[in-house]
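**Q** Letter by letter, the chains look like this.
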Amino acid sequence: MSSSAIATAAAPGFERKLPPPASRAASTVEVFPAANVASLETRAAFHPHWQGLAAALAWGFMAAVTLAWPNQPAGFVEDWPYTTEFGIATGVVAAICAFLAFAASAHVRLLHRACAVFRHGAPWIIVSALLLALWEILTAKTGVLPPPFFAPPSSLIDAYANDYARLADSTWNSVKLLLEGVAWGAAIGFTVGVAIGWSRAVNYWVHPILRFLGPLPPTALLPIAFFFFPSSHAASVFLIALATGFPVAILSWSGVAGVNKAYYDVARTMGASEWFLIFRVAIPAALPQVFVGLFMGFGSSFVVLIVAEMMGVKSGLGWYLTWAQGYASYVNMYAALIVMTVIFSSLISLLFAVRDRVLVWQKGIVKW
Amino acid sequence: MVVAATAEKPRPEDIAPPAAAHGASRIRVERVSHGFDAPSGRLEVLEDVDLDVAPGEFVALLGPSGCGKSTLLRLVAGLEPASAGAIFQDDGPITRPDPSRIVVFQDPTLFPWRTVWDNVALGLQAQGILKQEKTRVNAALRKVGLEGFATSYPHQLSGGMAQRVALARALVNNPKLLILDEPLGKLDSLTRLEMQGELVSLWQKNGFSVLLVTHDVEEALFLAQRVVIFSPRPAKIITEITIDRPYPRHRDDPVLTGLRHEVLNQLGLGKSW
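Taken in sequence, the protein lines are chains A and B.
Per this note's numbering, the first sequence starts with residue 1, numbered consecutively.
Per this note's numbering, the second sequence starts with residue 1, numbered consecutively.
The set of hints was computed from the structure by calculation and includes no laboratory data.
It should be emphasised that the depicted structure is a prediction, and the values quoted were computed from it without experimental measurement.
Where hints are given, some of them may not hold.
Unchecked claim - Sample of chain A residues at the chain B side, in silico, Cβ under 10 angstroms: (1) Ala262; (2) Tyr263; (3) Val266; (4) Ala267; (5) Arg268; (6) Met270; (7) Ser273; (8) Arg280; (9) Pro284; (10) Pro288.
What the hints assert, rightly or not - Below, in silico cross-link-like pairs of lysine-lysine (DSSO-like), each with a Cα-Cα straight-line distance of 30 angstroms or less: (11) A:Lys261 to B:Lys134; (12) B:Lys143 to A:Lys141; (13) B:Lys186 to A:Lys363; (14) A:Lys261 to B:Lys143.
Glycine included, C-beta positions come from ideal geometry on N, C-alpha and C.
With the hints as constraints, model all of the structure from the sequences given.
**A** Spelled out as structure tokens, the structure:
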């Protein structure tokens, strides 16, 4: 009904081939009230949010599988712990989904924001429930993927509940080591890159060294670094800094070298000093590139961190992985891998957030 | 029909001085030649150029594209030293850039990471006087009618608005000489006509001297008190034409139409008219 109203309102405008400007304006004015009425009507109605209901159903299914289907007794594991608790937790998620789906269907004003997020995420919420259910079925329920190499998602709760102290300590040490190395690497890499981009003399001397040594994987230096440095901590910081610093330096350099020369002309005619040209023109103009370097540097720093911890450092998530493997405690390994994923992706998200703040002017220029 | 005598240096007293000429510089270009070392050999760009700009005068430079007019502007701005000859501002030789001589380029070259306000503030910040002189930034934005866009970023502006911001960024420095390198060259024709009028009123209100490079004969005749015509590269001055018409000018002024014919003749385009 509403669409036909729009059509009839719009039709007169199309019929007249060459209407005078005033009447054309009048006909477009007619169109908008009709459209507004239509949207008001739909807002008032109860519109079932099917995806949200499906999400509630999927998590309900997950809870039913966990609770109703008995675990397969497998090998030396007498029974997987925390199965009931896991089932209850998934049931709670299902209930929350059902509530939000109802709120989204009835357009509850108070939950407007939460509903918007829920609507956007609904497909992922459905898929993750189904994947978790598949995982639980293949491990605990049927034993297709056998212990000890595979563990059901419910058993991860066990690993976190019983070994949280060691895991938290390892996580803390990893983050500390990583940030220390990345901070040094980013600071030195940025300074070196800007210096190469700005000064011919620095470019002449440092650029070849960077080109020659840069491509060497920092992990290849691991044995030497552990030998030269007083502690394995210092060696790891050095290697992480190296891994971060190289891409940051290269991209800071190319960023500074690529600055539009007209910017310098503009600033110079207005009385800018050399200091001003570097810090107020070259560096801000190069920052988008610097951030690309930081993203790359962050990525390779994760590799070096884990390898260094596996090889020599006596704490941290990399060390935890080898330790868990030594005890054939694969549940703990999965638990550590999940922590690692969360930490690293959070760090990258943090960098994205920083970039969005610093480079807010790029919005609308670059697609990101 | 009053066609001004050609090839004759105008006496400053012939030219109606704009409202406040106290903040204007005299520019003397004395026997300046300039060239670049290109891979294919030496490229001569300017040859023996003599030019005098009276304080507060509006002078347009016309010539075939690529002839070296923009190079002359860079020399006057102090961005490059001339190969031979000398350029004086009032009585001192020009050796390096100075905020009393500001260039507005064909591209607005606004800094994309700065808001409109911060772009306009650039000169004051570079000179280290922004804190004391903040009001000048707002005043400059008001002059170009963009005070409502202070917090916008350059990519949110239209071409005409961006070029207005570039003008405000120049004006905030209270220049004694405004150097305009085809400032309206990339704008659409309606915006260009509008901004030609604005340039005249800005010049009349502020009283600086203006050196304008343009390819648009009508623009030169509409804006300038004197048009200097250059030969193809290496650029030499062929002739000068004084335009003794009052402001605001009218585009259909028969005197300007006559002058247009003459200028095109001098540029070797008389037949195409």
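**Q** Against each hint, give a clear statement of whether it holds in the structure.
**A** Each hint tested on the structure:
Hint status for Ala262 of chain A relative to chain B: holds, with the closest Cβ pair at about 5 angstroms, below 10 angstroms. Residue-level restraint check for Tyr263 of chain A holds (minimum Cβ-Cβ distance to chain B is 6 angstroms; threshold 10 angstroms). A hinted interface residue such as Val266 of chain A counts as satisfied when its beta carbon comes closer than 10 angstroms to some beta carbon of chain B; here the least separation is about 5 angstroms, so the hint holds. Hint status for Ala267 of chain A relative to chain B: holds, with the closest Cβ pair at about 6 angstroms, below 10 angstroms.
The restraint placing Arg268 of chain A at the interface with chain B holds, with a minimum CB-CB distance near 5 angstroms, inside the 10 angstroms limit. Checking Met270 of chain A against chain B by beta carbon gives a least distance of about 4 angstroms; that is within 10 angstroms, so the hint holds. Hint status for Ser273 of chain A: holds, given a least beta-carbon distance of 7 angstroms to chain B, under 10 angstroms. Below 10 angstroms, beta-carbon pairs count as interface contacts, and Arg280 of chain A has one with chain B at about 7 angstroms; its hint therefore holds.
Checking Pro284 of chain A against chain B by beta carbon gives a least distance of about 5 angstroms; that is within 10 angstroms, so the hint holds. Nearest Cβ of chain B to the Cβ of Pro288 of chain A: about 9 angstroms, under the 10 angstroms cut. The hint holds. Simply put, Lys261 of chain A and Lys134 of chain B have alpha-carbon atoms about 27 angstroms apart, close enough for the 30 angstroms limit, and the pair holds. Distance hint between Lys143 of chain B and Lys141 of chain A is unfulfilled; the C-alpha atoms sit about 77 angstroms from each other, more than 30 angstroms.
For the given pair, Lys186 of chain B sits about 24 angstroms from Lys363 of chain A by alpha-carbon distance, which is consistent with the 30 angstroms threshold. Using a Cα cut-off of 30 angstroms, the hinted pair Lys261 of chain A and Lys143 of chain B holds, with the two alpha carbons roughly 28 angstroms apart.
Going down the numbered hints, you'll see the structure goes against just number 12.
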